[in-house]
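Asks: Same order as they appear, the protein sequences are chains L and R.
Mapping to the working numbering: the first sequence position 151 is 151, numbers consecutive.
Mapping to the working numbering: the second sequence position 74 is 1074, numbers consecutive.
Be aware that a few hints might be false.
BS3-like cross-link-like pairs, simulated, lysine-lysine; straight-line CA separation at most 27 Å [as the list claims (entries may be wrong)]:
1) L:141 - L:42
2) R:1036 - R:1081
3) L:73 - R:1036
4) R:1149 - R:1034
5) R:1036 - R:1080
6) R:1034 - L:73
7) L:73 - R:1080
8) R:1149 - R:1036
9) R:1081 - R:1149
Don't read these hints as lab results, they were simulated from the structure.
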Amino acid sequence: MDVNMTYATQEMWTWWLAIYLYFGGLGAATLAVTFLTDMYLKPNRALVIWGAGAGVVLLALGSLMLFGHLLDKTAVLTVLNPMAMLNQSSAWIAWGTQFIIWMMVWGVLYALPYVRETEFPHRVPGIRDLIDKPFVIGTSKLVQRFHRSVGWLAVINGVGVAVYTGLLLQSFPAVALWHNPAVPLLFTVSAFSTAMAFLLVLMYTLLHDQADEHVRVLYERIDLVLIAAELVILFSLYQYLKNGSESAVRSLELLWNDYGWLIGFIGFGLILPFLLELKGVMRGWGSRVPILTAAVLVLAGGYLLRHYFMYAGVYAYPW
Amino acid sequence: MTHYAMVIDLNTCVGCNACMAACAMENQTPVWDKNKWRTYVHDKEIGLGSDVQRRFFPRLCNHCDNPPCMTVCPTGATRKKANGIVFVDQDLCMGCGACAMACPYHARVPVTRRDMREGREFYGSDYRRTSPSMDKCSFCDHLVEQGRKPACVETCVGYSRMFGDLDDPNDPVAQMVASGAARALMPHIGTRPNVYYIDDIRWRG
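Pulled out of the complex, with its shape left as it was, chain L reads as follows (with noise of 0.2 Å):
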């Protein structure tokens, strides 16, 4: 058609939705790694009392973004209503709001157990009174008989929670730097080496136990090979972008010319981390200070590639 094109990006979602993307992927995969550890590497009730809490606390943060911003917050109950899941099958929201719930409610389940066995939680008064309670004390036993399904019921809502943020931006069809797989496949291995990186800031902190050694060299490995195949991910993506229509090349320009993007993101959030820690597994470390820098590195790489994700959408408009 006989008109100019132009080409524009989207002032809609920005790091609000960015941060709502980022907490629920982070909270999701933290919580899947903790009980999948839990249930077959090594029993650990600390890490999942911090697992299910950090998933929750986070969760319930990145839905508060969304949730501020809707324009009618009474009509959200649509979404809460199962039913909403089947009725719009093609809208990820739709899916997202019930894993996120789905989670939340099974991670507290799961964790229950482990809570009335901590000392800590009998000396808060509320949360004393709240755990004491027959009701929840029936309710720990039966979920203690059947902790194993209730632990998968909570990661693989936790995996839809985590592969769903992905999948929500390529269904715009409109955005050429979403809508491709390389989208989904990019949150989905973010989601789970920020939560890598998330426990082992955990494990050498807070939960410092030589006990859990193994678990922490694994994690190490797991998120290695996590960023790896991140960096492998966006050289995929670049490729798609370059070679692609005007609204992707646009969005190229943008994600590769500027530099929180590619020395932020791609620099000190992917390829620094992965020497320090490549460095670690191979020779190992005197001390914990390189290993928790490049998880704190891993940790704000994941919160600049949605932010910058965001910001580069660009639409073409034939007018």
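Take the given structure of chain L and dock chain R to it, following the hints.
Replies: Quick look at chain R alone, frame taken from chain L:
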């Protein structure tokens, strides 16, 4: 079955913006914010050197057969009637903005509580909106149900906007679309839009 569509002739659009005003008054849109019109006429210069032309480009919701705004809507507030008109159920919409992100035609706008307050002042006691929501063109379905045409079509001084039934072979709109003279925007995205544009001056002889 009726399948409504609109054809816009870019050669006869004079850029008077009467369509914008008619749409705004008919549908009580937030006219105080230039980003919140349901239809908008872009004023563009196209071409290079001595071939530069001034071209007006009206745009609105394309009432797609495969609307991405409907597939991403988590509450089911965006729906499609049997006659092809895509509309928003204001009471069901929570205003997450996913539809605006999915729309390739920039046809979705948020109407906030602040807009509603302004709307009550601007449109007076006749103001109809009861809840904030994402907003879009509805092809004036309330007029169409009465056998009338959308307000933008009724008011167009250059007759550049035409509204009709694609399933009626005798309808001029259907004939123009079938002839290939009127073309949809960005068909490669797969949305199968129902707003078509005529941009070739030679076609008119």
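Asks: Each of the hints needs a verdict: does it hold here or not?
Replies: Status of each hint after checking the structure:
no. : hint            : in the structure
1   : L:141 - L:42    : 21 Å, holds
2   : R:1036 - R:1081 : 24 Å, holds
3   : L:73 - R:1036   : 21 Å, holds
4   : R:1149 - R:1034 : 24 Å, holds
5   : R:1036 - R:1080 : 22 Å, holds
6   : R:1034 - L:73   : 25 Å, holds
7   : L:73 - R:1080   : 24 Å, holds
8   : R:1149 - R:1036 : 22 Å, holds
9   : R:1081 - R:1149 : 17 Å, holds
Checked against the numbered hints given earlier, this structure breaks none of them.
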